[in-house]
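Throw the hints in and build the complete structure from the sequences for me.
2 protein chains.
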Amino acid sequence: MPQLPPVSDALRHAFSPVRFAESATKATELLTSHLKQAQERQAFSSYPAPSPEEERTFWSDSDVWKDGRDGIFANVIARSNHLHDPRYMGHQVATIIPETASTGMVTDMLNNGQAIYEMGPSNAVQEDLLMSEIARMLGLPEESGGILCHGGTLGNLVALMAAQRHVAHQLGLDSWQDGIHVFPQPLVVLVSERAHYCIARAMRTMGWGAEGTVLVRTNHKHQMCVDDLQAQLKRVFDQGKRVLAVVGSSCTTSAGAFDPLEDIASICKRHGIWFHVDGAHGASVAFSSTHRHLVNGIEHADTVVLDFHKTCGLPALCTGVFYGRYTQSFLPFSQHAKYLWDNAEDEDWWDTGKRTFECTKRMLSTRLAAIKAEFGWGIWAELVDRMWALGNVLGAMIETRDGWELAMKPEANIVCFRPLCPDPEISIDLWNDVIKCLRKMHLKRGSSYVVMTEFDGKVWLRCTLMNPLTDTTDFETMLQEFEALLPMAIKSFS
Amino acid sequence: MPQLPPVSDALRHAFSPVRFAESATKATELLTSHLKQAQERQAFSSYPAPSPEEERTFWSDSDVWKDGRDGIFANVIARSNHLHDPRYMGHQVATIIPETASTGMVTDMLNNGQAIYEMGPSNAVQEDLLMSEIARMLGLPEESGGILCHGGTLGNLVALMAAQRHVAHQLGLDSWQDGIHVFPQPLVVLVSERAHYCIARAMRTMGWGAEGTVLVRTNHKHQMCVDDLQAQLKRVFDQGKRVLAVVGSSCTTSAGAFDPLEDIASICKRHGIWFHVDGAHGASVAFSSTHRHLVNGIEHADTVVLDFHKTCGLPALCTGVFYGRYTQSFLPFSQHAKYLWDNAEDEDWWDTGKRTFECTKRMLSTRLAAIKAEFGWGIWAELVDRMWALGNVLGAMIETRDGWELAMKPEANIVCFRPLCPDPEISIDLWNDVIKCLRKMHLKRGSSYVVMTEFDGKVWLRCTLMNPLTDTTDFETMLQEFEALLPMAIKSFS
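Top to bottom, those sequences are chains A and P. Just so we're on the same page, my numbering is the position in the first sequence counted from 1, plus 40. Just so we're on the same page, my numbering is the position in the second sequence counted from 1, plus 40.
No lab work stands behind these hints: they were computed from the structure. One or more of the hints may lead you astray.
Stated by the list, open to error - Straight-line C-alpha distance at most 30 Å; calculated DSS-like pairs for lysine-lysine:
no. : chain 1 : residue 1 : chain 2 : residue 2
1   : A       : K498      : P       : K394
2   : A       : K76       : P       : K66
3   : P       : K66       : P       : K76
4   : A       : K531      : A       : K476
5   : A       : K476      : P       : K394
Unchecked claim - Here are some of the chain A residues that sit facing chain P, going by a computed Cβ distance under 7 Å:
no. : residue
6   : L44
7   : A50
8   : G108
9   : V116
10  : N151
11  : E422
Note that CB positions come from ideal geometry on N, CA and C, so glycine has one too.
As structure tokens, this is what we get:
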């Protein structure tokens with residue numbers, strides 16, 4: 041019989057509870073001090089802006105690795121984008137409610153992977169209960185529910201897979217079993233031309249290629265044109281194609297526009313089309329009585345995707361996929377289409393792995409549970425109201441400020457703007473280049489973090505206001521910095 | 041001009057660094073004590089086994105939600121599957137190296153989403169550097185590299201998407217652009233009949249249906265039969281189909297068998313077929329000089345998937361997708377097939393979002409960095425050696441014990457076994473039912489956590505030895521418990 045050697049010193053050391061306590065205490069200390077410094081704007085800028093090459097050189101130096109875990113913690117904190125600095129106004133990733141990181145430590149330790157109930161009894165049950173609760177907060181009907189998954193891109197894919205399976209069943213087919221070749225007609229998704237690229241990516245992943253996505257024109261407020269939706273639908277039908285789903289954006293990524301869900305819903309209803317809402321960024325307005333109207337009509341959705349790691353203050357990735365009819369959550373992956381029998385009892389709600397792409401998952405629902413228990417869901421309305429107020433104020437500041445233009449009056453916490461071109465001799469393209477250069481200069485020399493986008497042939501500076509501690513003084517400083525850098529940017533092109 | 045109201049008390053409270061420190065200190069305290077209790081086997085069982093209904097009743101009680109975050113922490117810890125209890129011998133999810141949970145707290149706070157370089161400079165660079173380093177530890181060539189993603193199911197999908205694109209390019213086509221209808225022949229993947237279901241799931245997701253996956257027979261050691269692989273290839277060619285990839289399992293999920301990668305590699309080479317290794321569970325043996333031989337041939341793989349949250353002690357989800365040729369990591373998602381120009385300079389290695397399914401990601405590489413800095417990669421060899429020794433010893437114990445049979449001599453930390461049927465009058469099906477019942481009884485009354493699987497028409501008890509502190513005495517107790525319960529299980533069927 042082989043003898044089991046004793047646990048090695050290295051392993052005993054690594055698994056020691058005392059050692060864990062030391063590392064967690066160190067992490068707590070470093071993060072608490074980081075939070076204070078960031079919130080007090082102590083650094084020169086919210087974003088230390090090393091070039092990729094500089095960063096690579098730093099981490100390629102073997103000395104960096106000599107201070108162990110604590111050294112990595114300190115260096116990674118110092119060399120990251122500081123979302124808790126109120127001057128962070130960049131991308132759509134949450135400035136997290138700090139204690140959700142403590143929850144993350146708890147769940148990382150327990151690591152209950154949850155594919156089957158036994159591998160995560162508490163989080164599997166919480167997921168089912170809380171997702172139903174939140175679905176109803178979104179306005180979905182009594183029989184709604186949902187699942188949690190890793191990210192909006194995956195969430196949108198899963199929702200569209202449900203829609204595809206549904207279309208197959210309408211035709212008496214089963215695409216999960218027989219592949220997409222089984223469809224007698226090509227399937228397409230209709231979505232706003234301003235929507236996130238992950239909708240097109242989902243259609244390509246599912247095998248439909250670029251033609252699987254039909255872009256619908258937007259109006260001057262960047263919202264999907266209902267007239268064009270109808271025209272595109274007609275064109276699609278005339279071409280002998282079939283619609284997999286219409287996707288409403290709540291809101292678009294670029295400018296933060298909310299599509300008219302009510303109108304889209306009624307068109308979908310008329311044609312018997314699956315109605316999906318990509319609410320990754322903004323479906324959370326449903327939690328705020330002030331802004332809920334932006335998603336009126338969401339209650340008719342077959343599926344809704346919401347990233348809690350965007351406007352709900354949670355760390356990435358934590359995405360909800362909500363189904364208007366709970367039993368349809370078994371559509372994307374079930375080998376046997378039990379849901380057709382209309383016998384919900386056959387579905388094991390407790391084994392979430394049957395309804396998610398992932399086999400093992402992180403304990404995502406525990407974070408929702410901690411939010412509910414500590415703050416109540418009301419904290420999400422507070423967050424949305426603050427972020428949206430920041431968007432509104434920055435929009436108004438730019439609208440009334442000399443020398444600036446606004447892409448559109450903000451409907452969300454996203455603001456796109458740019459300096460007006462001072463000289464009619466300068467071409468559109470050249471001015472775009474100036475703005476690109478301006479943004480690059482600001483990245484290096486400015487104190488805030490602002491990004492960029494491009495639409496209508498124009499390059500725009502773009503702020504997403506994710507940090508509730510951002511204030512009007514931050515906006516003022518940011519605009520002044522751009523104004524100070526602008527002459528240099530112009531000069532570099534003359 | 042709209043005035044910005046002051047930050048609400050609720051938000052100021054939620055974002056307070058002091059409050060974060062309190063929550064993190066509380067979490068540290070609870071987890072340290074949990075670790076001690078779990079490692080000392082203080083509870084009656086490693087798994088509190090509430091039924092889904094009991095668990096649902098518990099969380100449906102509004103009183104549970106009154107103790108705030110600390111109450112949730114305490115209840116979730118108490119009501120989870122305790123992987124740090126040495127009697128945990130269940131599914132393939134890591135008993136994490138405790139301090140990786142502290143790292144998780146750091147990265148959850150920073151939340152640098154990393155789609156583009158600026159949203160995570162340190163982790164984007166670490167990812168690129170460390171994935172290349174680990175790729176070479178796996179034995180992949182100098183030009184290898186990879187990306188991190190959320191889970192093995194997603195990692196295998198991404199690898200197969202790369203393979204599909206590669207096949208398209210060989211034919212002068214572009215499936216990402218034009219969809220899978222562009223292929224003149226159906227594409228199939230060949231994989232062991234014992235492989236994880238996510239390979240078939242990937243093919244179905246990509247639109248190929250059930251026929252997209254061809255199962256290759258396994259030998260008595262549950263390894264892919266090379267002869268049958270050749271026969272199946274011939275059959276596939278005769279049917280006018282084309283091969284997307286051959287997938288070797290390292291190891292299979294059910295019994296932990298390692299496919300003969302060397303043989304598979306040479307067949308793939310002969311036919312010019314993409315060779316993918318699903319090493320989610322066991323590719324980590326490459327880090328151990330004792331067990332590396334199990335993946336001989338992996339160095340010829342085009343892609344390899346490895347879950348660091350299985351045998352490398354990290355929390356879920358943290359998966360590496362490795363490419364033998366780094367530039368091919370741009371295959372799955374690039375709209376323009378730049379890699380064809382053979383001009384690697386055109387690829388922005390620093391914007392990892394171009395190569396991952398996810399747009400926003402968790403800061404996965406920081407965890408790898410902390411492991412490297414604190415322990416050196418050697419800790420993975422320690423882990424593998426211990427887990428594999430445990431598998432070996434449990435296998436030997438069962439082999440030599442009266443009244444038990446082993447499905448196969450363990451090649452990994454996975455052991456499948458069952459009590460021998462004492463009476464030839466009992467049918468195979470009935471004995472299967474007895475074993476199912478036995479396992480159910482043990483779940484409720486036993487002190488360890490053991491799972492179940494089914495193959496060759498037989499139901500097996502199944503241990504995966506993920507916890508380095510598991511000892512032979514735990515095996516002895518577990519077997520005695522099953523022996524004590526067996527007569528009752530038999531009786532319930534007579």
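So, going through the hints one by one against the coordinates:
no. : hint            : verdict
1   : K498/A x K394/P : holds (23 Å)
2   : K76/A x K66/P   : holds (20 Å)
3   : K66/P x K76/P   : holds (16 Å)
4   : K531/A x K476/A : holds (13 Å)
5   : K476/A x K394/P : holds (21 Å)
6   : L44             : holds (5 Å)
7   : A50             : holds (5 Å)
8   : G108            : holds (5 Å)
9   : V116            : holds (5 Å)
10  : N151            : holds (5 Å)
11  : E422            : holds (5 Å)
Checked against the numbered hints above, the structure violates none of them.
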